[in-house]
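The whole structure should be built from the sequences, with the hints applied where relevant.
The listed protein sequences correspond, in order, to chains B, P, L and H. In terms of this note's numbering, the first sequence is residues 1 to 261. In terms of this note's numbering, the second sequence is residues 1 to 261. In terms of this note's numbering, the third sequence is residues 1 to 261. In terms of this note's numbering, the fourth sequence is residues 1 to 261.
Quick caveat, the hints were computed from the structure, so don't treat them as lab data. There could be a bad hint or two in this list.
It does not matter which identical chain is used: a pair holds within one copy or between any two.
[Claimed, not checked] Okay, derived cross-link-like pairs now, SDA-like style, lysine to any residue, Cα gap no bigger than 25 Å in a straight line: (1) Lys73 - Gly259; (2) Lys240 - Glu147; (3) Lys73 - Arg110; (4) Lys38 - Met1; (5) Lys248 - Gly174; (6) Lys21 - Gly143; (7) Lys240 - Arg119; (8) Lys73 - Glu84; (9) Lys38 - Pro223; (10) Lys244 - Gly174; (11) Lys73 - Arg119; (12) Lys244 - Glu147; (13) Lys244 - Gln208; (14) Lys248 - Ala22; (15) Lys21 - His253; (16) Lys73 - Pro202; (17) Lys244 - Thr48; (18) Lys240 - Glu40; (19) Lys73 - Glu18.
There are 4 protein chains.
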Amino acid sequence: MTIRALVWNEFFHEQHNETVKAIYPDGIHRTIADFLGKEEGIEASTATLPEPEHGLPQERLDETDVLLWWGHKAHGQVEDAIVERVAERVHQGMGLIVLHSGHFSKPFKRLMGTPCSLRWREAGERERLWAVNRSHPIVQGIGHSIELPNSEMYGEPFLVPEPLETVFISWYEGGEVFRSGLTYQRGAGKIFYLGPGHETYPIYHHPQIQRVIVNAVRWAHNPAAAWTDVAAAPNVPVDKAPEKIERKGGSLHKPGEQGYR
Amino acid sequence: MTIRALVWNEFFHEQHNETVKAIYPDGIHRTIADFLGKEEGIEASTATLPEPEHGLPQERLDETDVLLWWGHKAHGQVEDAIVERVAERVHQGMGLIVLHSGHFSKPFKRLMGTPCSLRWREAGERERLWAVNRSHPIVQGIGHSIELPNSEMYGEPFLVPEPLETVFISWYEGGEVFRSGLTYQRGAGKIFYLGPGHETYPIYHHPQIQRVIVNAVRWAHNPAAAWTDVAAAPNVPVDKAPEKIERKGGSLHKPGEQGYR
Amino acid sequence: MTIRALVWNEFFHEQHNETVKAIYPDGIHRTIADFLGKEEGIEASTATLPEPEHGLPQERLDETDVLLWWGHKAHGQVEDAIVERVAERVHQGMGLIVLHSGHFSKPFKRLMGTPCSLRWREAGERERLWAVNRSHPIVQGIGHSIELPNSEMYGEPFLVPEPLETVFISWYEGGEVFRSGLTYQRGAGKIFYLGPGHETYPIYHHPQIQRVIVNAVRWAHNPAAAWTDVAAAPNVPVDKAPEKIERKGGSLHKPGEQGYR
Amino acid sequence: MTIRALVWNEFFHEQHNETVKAIYPDGIHRTIADFLGKEEGIEASTATLPEPEHGLPQERLDETDVLLWWGHKAHGQVEDAIVERVAERVHQGMGLIVLHSGHFSKPFKRLMGTPCSLRWREAGERERLWAVNRSHPIVQGIGHSIELPNSEMYGEPFLVPEPLETVFISWYEGGEVFRSGLTYQRGAGKIFYLGPGHETYPIYHHPQIQRVIVNAVRWAHNPAAAWTDVAAAPNVPVDKAPEKIERKGGSLHKPGEQGYR
Chain B
1 MTIRALVWNE FFHEQHNETV KAIYPDGIHR TIADFLGKEE GIEASTATLP EPEHGLPQER
61 LDETDVLLWW GHKAHGQVED AIVERVAERV HQGMGLIVLH SGHFSKPFKR LMGTPCSLRW
121 REAGERERLW AVNRSHPIVQ GIGHSIELPN SEMYGEPFLV PEPLETVFIS WYEGGEVFRS
181 GLTYQRGAGK IFYLGPGHET YPIYHHPQIQ RVIVNAVRWA HNPAAAWTDV AAAPNVPVDK
241 APEKIERKGG SLHKPGEQGY R
Chain P
1 MTIRALVWNE FFHEQHNETV KAIYPDGIHR TIADFLGKEE GIEASTATLP EPEHGLPQER
61 LDETDVLLWW GHKAHGQVED AIVERVAERV HQGMGLIVLH SGHFSKPFKR LMGTPCSLRW
121 REAGERERLW AVNRSHPIVQ GIGHSIELPN SEMYGEPFLV PEPLETVFIS WYEGGEVFRS
181 GLTYQRGAGK IFYLGPGHET YPIYHHPQIQ RVIVNAVRWA HNPAAAWTDV AAAPNVPVDK
241 APEKIERKGG SLHKPGEQGY R
Chain L
1 MTIRALVWNE FFHEQHNETV KAIYPDGIHR TIADFLGKEE GIEASTATLP EPEHGLPQER
61 LDETDVLLWW GHKAHGQVED AIVERVAERV HQGMGLIVLH SGHFSKPFKR LMGTPCSLRW
121 REAGERERLW AVNRSHPIVQ GIGHSIELPN SEMYGEPFLV PEPLETVFIS WYEGGEVFRS
181 GLTYQRGAGK IFYLGPGHET YPIYHHPQIQ RVIVNAVRWA HNPAAAWTDV AAAPNVPVDK
241 APEKIERKGG SLHKPGEQGY R
Chain H
1 MTIRALVWNE FFHEQHNETV KAIYPDGIHR TIADFLGKEE GIEASTATLP EPEHGLPQER
61 LDETDVLLWW GHKAHGQVED AIVERVAERV HQGMGLIVLH SGHFSKPFKR LMGTPCSLRW
121 REAGERERLW AVNRSHPIVQ GIGHSIELPN SEMYGEPFLV PEPLETVFIS WYEGGEVFRS
181 GLTYQRGAGK IFYLGPGHET YPIYHHPQIQ RVIVNAVRWA HNPAAAWTDV AAAPNVPVDK
241 APEKIERKGG SLHKPGEQGY R
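Below, the structure written as structure tokens:
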């Protein structure tokens, strides 16, 4: 079964900052889609903020198995209706990989329910990601750690819920630590947050980081059919109860009535 | 240290439905505040939907240690700005007890990031809440279970994140089960969801349910000072790094600049 | 890649109790191995208590991807050295499916670290397992619940650690509930506990239960290479530290010395 | 209510190594008990390996609310029966604080069910513990981090189960990271593992570390009555079922019979 991955990028700095343009001439999304597309069983396409509906119309999301999200300067420009659409597809089973500054993106904050804040420093310092569980599917082929010569520091406290699993913890030259690989489940959808990816360093060209992202796409893919009514709260009428019962006590609803939302 | 509990209620059915009015003549909030207020070290007040700012101006929330939330028919009338205010106070450390149909309230959905949907049936059937961990502070004084002669069925799947702890699981006469007591941490705030509480049955008059709510208020109280900047993402300048480092590599931000949100 | 499943059974009641013999003439292990072996990509064999080393010599475990465990009356006859061997293989990455009364088996208690106690009743009552997360790999093809006309009641409190995921919760005719499907990770190994399976009812002949066990075997299989030194605590010598440092302060160990255990 | 804390130490290096003796002339246990005993509402005593029953007879454990455990060289000398006794008391509700090299102690491995292995280096390097959740009771009064000028490196992967909460993550001068503060619940007992404490550095004289240990003792204290039958698996006879049922189907046990273990 082919996994349909969709790489979303706000695509701003690659057009307005010379350093970033030199590293990602066609945009971060293109670089990521290119290495994903070379993998057997993965099909990768892209979408960006300036496209109509940010490139994320409903039909497109419905045909997406795993969405990758990179945003930084333009979080506020992402329309709330699109954020809601993304969240709903995650609840139905679409995987989501949130990259770097995407920690402050609307979809991630929507799905975490927390501030998703952290401490940061842009000093090009060394970062080393340690694999906490070497047997996890997301770290296969990595070894015990990944060393990035230049990285933006993201430091604890990282205001997210306790994760399902802590996959990576980062060490920084300047003295901080960060839970840089975390997994979550929200409804039927699996979520992976990956820390590194500052746009002024060639991080998505790094072979081990590429390996992690490929692994994460496979991990986040839920082959079960979309759970399209995941948000519905169906009434189970008395005569459809698994055990035979009779109605008793007071009542608000008339038989067959919908619940309140 | 006195715990300042605030009981919020949409206060609709108690004014428009005779059955409910007979059980809670002054409103569910009043009943809950009354039994809470009798406890040593707890001070309880109330707020309702029709009040200005739904009775939840910023100063009031700032002086609240634990907020209790009951809503059902009027979830949609709660203003988004107030919901955001409540969520922020939870992140800063305010406890939150979400009751019954509050599973579909805006603050709970905002803090969970999931649909919070479930299956339901209003048949007045018997519910039995089993304590999964008898040593948990929330179940002290309860025994191994609570039996409610009449209750609304809330059934799995309940679309919430995996909890920190499963405190209660309910059995229903009609054949369903439900995780009816769940704890969460969001930022500095502790959250407890309690299933029972349908307004046509006298559930908040039940001594064991009252005991659970009193216990939950004490459990959810975080005595630490409010974490007021929990959502801030402060820059740590290079010269303030815990370890001495020098800036290297490309850069987006000028020294002293704020990050993007 | 073929998954090598090994079904272990104490194989006592099938030889000494007429009711059980009629249901499982060749033993529970044979019934389970038979339906597993029909699945594409699964190869199933069996081992029993009376065999030398309980049928679990080291080489055999080393060639096992997923071990299934059924025991009841003879937990105490399982040798501690074999229990340790099983636990070590789980730590290295072998999957483990613990069935029914295996909750009190030595390997399960060894891996949980808790009493694994529960309440029980043998009345042949109806059990209904509700799928808490319908999109989980273990519940694919099941629908929203499984109904067993006759089952042994296992009731909360079930003294196990909070699971990674709650997959099933059971309802019983007699009024109890039970977390009857739970996942855990211990080292590199994935563990699934499944509640139903009392030997006097034909539960492992039930098509949905068979589907759950097949799904669980696939889920528990970790394709990563065995983490053979998972229990080692290697010294990282000063000159092999990722960052250049020099030794300072007092010391217990001489260079190159092993740590204490 | 006074919390009865008991500090256990193998008490070996303080008698045989001059460096350690100079730092802890009366033993690590004495130093810890001394600062604990100064706290209001905490009463601290000590026990050591050479005492009869390692200073941990049943009556003593029964009167202990929180046990602290420091061991390193002599893990193997702790008798299995005492380990079992400690684990049972934790299941019943006694708190347990495991310190430093206690990661490889028998009680901790018994309660975790995992290898509890890690990587290590004794180079006296700098360690900085970052508070992941600043509002957690265990980190009150600490600020955002603790800096230790000399420490033994303990590095990931740390082979323990996913914790209830990650309280501290450590940064090391030599380039590693470690989850140095973790909470668990096992039965009715709360467990806290704290990383720092190598015996050749004066770590338990450090005011912030002392504050963490005091906080942890208060956090781990479960005021509920001991759950003395936590490991029992009581039969619930048919006529005592919460719902009226009648026995049906085959049976192994005669009425009133005990279950197997």
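Now for the hints, and whether the structure bears them out:
no.	hint	result
1	Lys73 - Gly259	between (41 Å within a copy, 8 Å between copies)
2	Lys240 - Glu147	between (58 Å within a copy, 15 Å between copies)
3	Lys73 - Arg110	both (18 Å within a copy, 24 Å between copies)
4	Lys38 - Met1	both (16 Å within a copy, 22 Å between copies)
5	Lys248 - Gly174	between (66 Å within a copy, 12 Å between copies)
6	Lys21 - Gly143	neither (31 Å within a copy, 40 Å between copies)
7	Lys240 - Arg119	between (53 Å within a copy, 12 Å between copies)
8	Lys73 - Glu84	both (20 Å within a copy, 22 Å between copies)
9	Lys38 - Pro223	both (21 Å within a copy, 22 Å between copies)
10	Lys244 - Gly174	between (66 Å within a copy, 6 Å between copies)
11	Lys73 - Arg119	within (17 Å within a copy, 40 Å between copies)
12	Lys244 - Glu147	between (62 Å within a copy, 15 Å between copies)
13	Lys244 - Gln208	between (58 Å within a copy, 23 Å between copies)
14	Lys248 - Ala22	between (72 Å within a copy, 17 Å between copies)
15	Lys21 - His253	between (60 Å within a copy, 16 Å between copies)
16	Lys73 - Pro202	within (18 Å within a copy, 47 Å between copies)
17	Lys244 - Thr48	neither (54 Å within a copy, 39 Å between copies)
18	Lys240 - Glu40	neither (47 Å within a copy, 37 Å between copies)
19	Lys73 - Glu18	within (16 Å within a copy, 54 Å between copies)
In summary, the numbered hints that this structure violates are 6, 17 and 18.
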